[in-house]
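Novice: Sequence:
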Amino acid sequence: MGEKILVCIAWPYAKSVTHVGQIVGSILPGDIFARYNRMIGNDVLMVSGSDAHGTPITVEADQEGVEPDVIVERYHPKILEVWEKLDIQWDLYTKTTTPNHYAVTQDVFLKLLNNGYLFKDGAIAPFCPTDNRFLQDRYILGECPNCHYGKARGDQCEECGHLLEPQQLMNPYCRICGSKTSSIEFRETEHFYFNLPLLQDKLQTWLNAVSAQWRPNVVNFAMNWLKEGLKPRAITRDLNWGVPIPVAGFENKRIYVWFDAVIGYLSASKEWAQLQGRPEAWREWWEVTPENPRPSRSYYFIGKDNISFHAIFWPAMLIGYENLVLAYDVPANEFMQMGGHKASSSDGNVVWTPDALARYGGDALRYYLTISMPETHDSNFSYEELVRFNNDELVGVFGNAAHRVLTFTHKNYGATVPTPGEFTAEDKALLEISHNVFELSGKAIAAVKLREGLAESMNAARAINKYIDEQAPWKVMKTDKQRAGTVLYTVIQALGALRITLTPYIPAAAQRLHELLGFSGLVKDTPWQFAEVLAGQALPEPKPLFTKFDPPAAAEPETAKTEAAK
RNA sequence: GGCGACGUAGCUCAGUGGUAGAGCAAAGGACUCAUAAGCCUUCGGUCACUGGUUCGAAUCCAGUCGUCGUCACCA
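Mapping of the first sequence onto the numbering used here: residues 5 to 570, in sequence order.
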């Protein structure tokens with residue numbers, strides 16, 4: 005058995021069906037990485053789920069006049085459908101409303117409390133007498149003291165961008181009841197704080213040791229945060245939606261979402277273990293012991309907005325809990341813009357994943373999103389580019405290489421893999437490429453350079469087309485059928501290699517090629533290594549691997565705003 | 001405003017001290033097995049700008065401009 009690999013993927017809000025920016029930023033890179041690791045024989049546990057406790061969900065629930073759980077239960081099943089169509093191979097995709105997650109969150113809370121990392125402190129918070137509840141900053145509106153915009157929020161004025169404290173707002177009022185007659189009060193309340201300064205040194209030591217290979221934006225961001233000095237951070241709120249606080253006197257408060265969401269990685273691992281019928285199995289990935297100081301390599305696939313939570317707060321929580329494995333790498337991606345502008349679901353400037361899937365399917369979407377993955381800087385989504393990459397590269401380069409050879413073999417060699425004769429230098433060169441692509445692409449994927457890993461396979465596909473043109477088996481066959489058969493055999497070996505190396509990227513297409521080459525079983529369970537396609541192996545009737553698409557109509561908007569999809 | 005990442009051919013991007021690269025787009029050519037796909041050739045860049053270090057800078061340093069993120073109640 006190989007190494008234990010823990011693939012943790014950022015938890016999407018359960019208030020939409022996910023947009024392609026979320027897919028390209030964390031879901032897809034995690035899936036590609038996990039699939040590769042399974043194929044090289046590593047023992048992968050890949051988990052995530054829907055985050056139910058985010059503020060946007062309570063805002064939406066308040067607007068609709070329903071319980072937050074109604075919003076969650078509306079979207080969670082739709083999200084599961086998206087994973088199905090996108091071929092995301094989870095070990096478990098759960099949600100933060102499970103009893104298990106509540107229990108694990110409370111356990112972490114109590115452990116940190118007992119270990120001395122939490123403390124209580126008073127705070128002054130805005131309170132609405134009409135609704136009889138404390139208000140979060142963004143539930144308060146008022147006049148901005150800076151630009152005098154009338155609907156500034158308690159945390160920030162959207163008009164001038166000024167960061168605000170609720171007390172600074174002029175004529176503040178409650179966003180829920182809208183009452184301007186009963187003025188907002190500022191009442192005393194009490195909360196638990198996570199004493200991050202106590203963990204500063206241990207965090208620094210850990211980061212210094214582990215981050216040498218991390219992406220520069222992640223390392224610099226985290227290091228800078230530590231350099232400025234950590235401050236205690238409140239982890240409870242005056243809310244009624246979230247994980248209850250397991251301490252007497254705090255019945256009307258909840259653990260705040262940023263604290264419980266990251267615990268999801270641990271709670272999901274435990275839930276997975278229970279579902280396996282091996283409730284202790286999660287320890288194999290998580291539990292640090294003297295004999296096993298690094299039970300697994302854990303990777304956190306997130307967007308750049310999430311670096312502080314995964315490179316600072318969550319590691320601090322794990323250190324405070326003791327004996328749980330810390331991140332091995334946090335390969336945060338930059339953002340994918342939409343039509344040249346920042347993606348924003350509130351502005352409608354997003355492409356919903358189900359829309360993109362309905363139009364072009366999983367292969368084309370996965371391929372395009374990988375090609376344009378924002379690994380080093382922001383990228384940009386457009387349907388036009390998606391169609392172009394599908395037509396030029398999937399259809400034209402890879403699909404064509406497979407189809408031209410398989411149809412030719414089918415017509416002229418009795419639908420079996422021809423028996424090769426002597427190999428020429430050119431044959432050996434292509435066979436060498438077919439062997440090397442495993443190491444070249446694998447090395448890139450292992451280093452989480454996923455675009456590069458895909459490029460290695462596509463370079464091999466280009467080499468196939470070049471070789472076919474140079475060898476011209478349709479010409480050679482007229483005088484030397486044995487020689488032309490050797491050429492076809494050679495190309496089929498190269499296709500056999502690509503059906504494996506492309507599996508993490510476009511699993512459905514790779515499976516189709518697997519079958520077109522006469523194999524049974526699942527290519528995703530095939531080891532990541534060269535395997536000969538044996539001479540004499542029967543080949544089924546060839547079919548094109550991919551479908552060509554018409555370019556999208558020019559007038560068509562780049563971002564769909566279908567209410568139904570959301 | 002502070003901090004960080006990024007800014008390279010029309011487009012998407014690689015390249016972190018030694019004579020500027022790939023794919024696509026564009027132009028031309030040879031071929032015909034293939035979803036008129038594929039192959040070959042050509043065209044195309046004062047590497048955001050200014051200054052500095054160096055024998056030598058896309059690459060290191062400083063500043064400027066632009067994009068994005070973050071700054072502790074968005075996650």
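If you're looking for bench data, these hints aren't it; they were derived computationally from the structure.
Some hints here could point you the wrong way.
[Stated by the list, open to error] The calculated SDA-like cross-link candidates involving lysine to any residue, where the alpha carbons are at most 20 Å apart (straight line), are: (1) K235 <-> Q208; (2) K206 <-> A216; (3) K485 <-> D396; (4) K8 <-> P294; (5) K155 <-> R219; (6) K8 <-> K432; (7) K346 <-> S383; (8) K308 <-> N228; (9) K308 <-> H439; (10) K485 <-> D473; (11) K235 <-> D333; (12) K547 <-> G365; (13) K346 <-> S376; (14) K447 <-> D47; (15) K485 <-> Y471; (16) K432 <-> A476; (17) K528 <-> F442; (18) K485 <-> E443; (19) K124 <-> D333; (20) K206 <-> K82; (21) K528 <-> H439; (22) K482 <-> A419; (23) K482 <-> T420; (24) K552 <-> L435; (25) K552 <-> K432; (26) K82 <-> K547; (27) K453 <-> Q208; (28) K415 <-> K528; (29) K547 <-> P531; (30) K415 <-> G540; (31) K470 <-> A419; (32) K453 <-> G522; (33) K482 <-> K528; (34) K453 <-> R219; (35) K235 <-> D125; (36) K8 <-> D66; (37) K485 <-> F412; (38) K308 <-> T411; (39) K528 <-> N256.
Novice: Of all the hints given earlier, name the ones this structure violates by number, lowest first.
Specialist: 3, 5, 6, 9, 11, 18, 19, 20, 24, 25, 26, 27, 28, 29, 31, 32, 33, 36, 38 and 39
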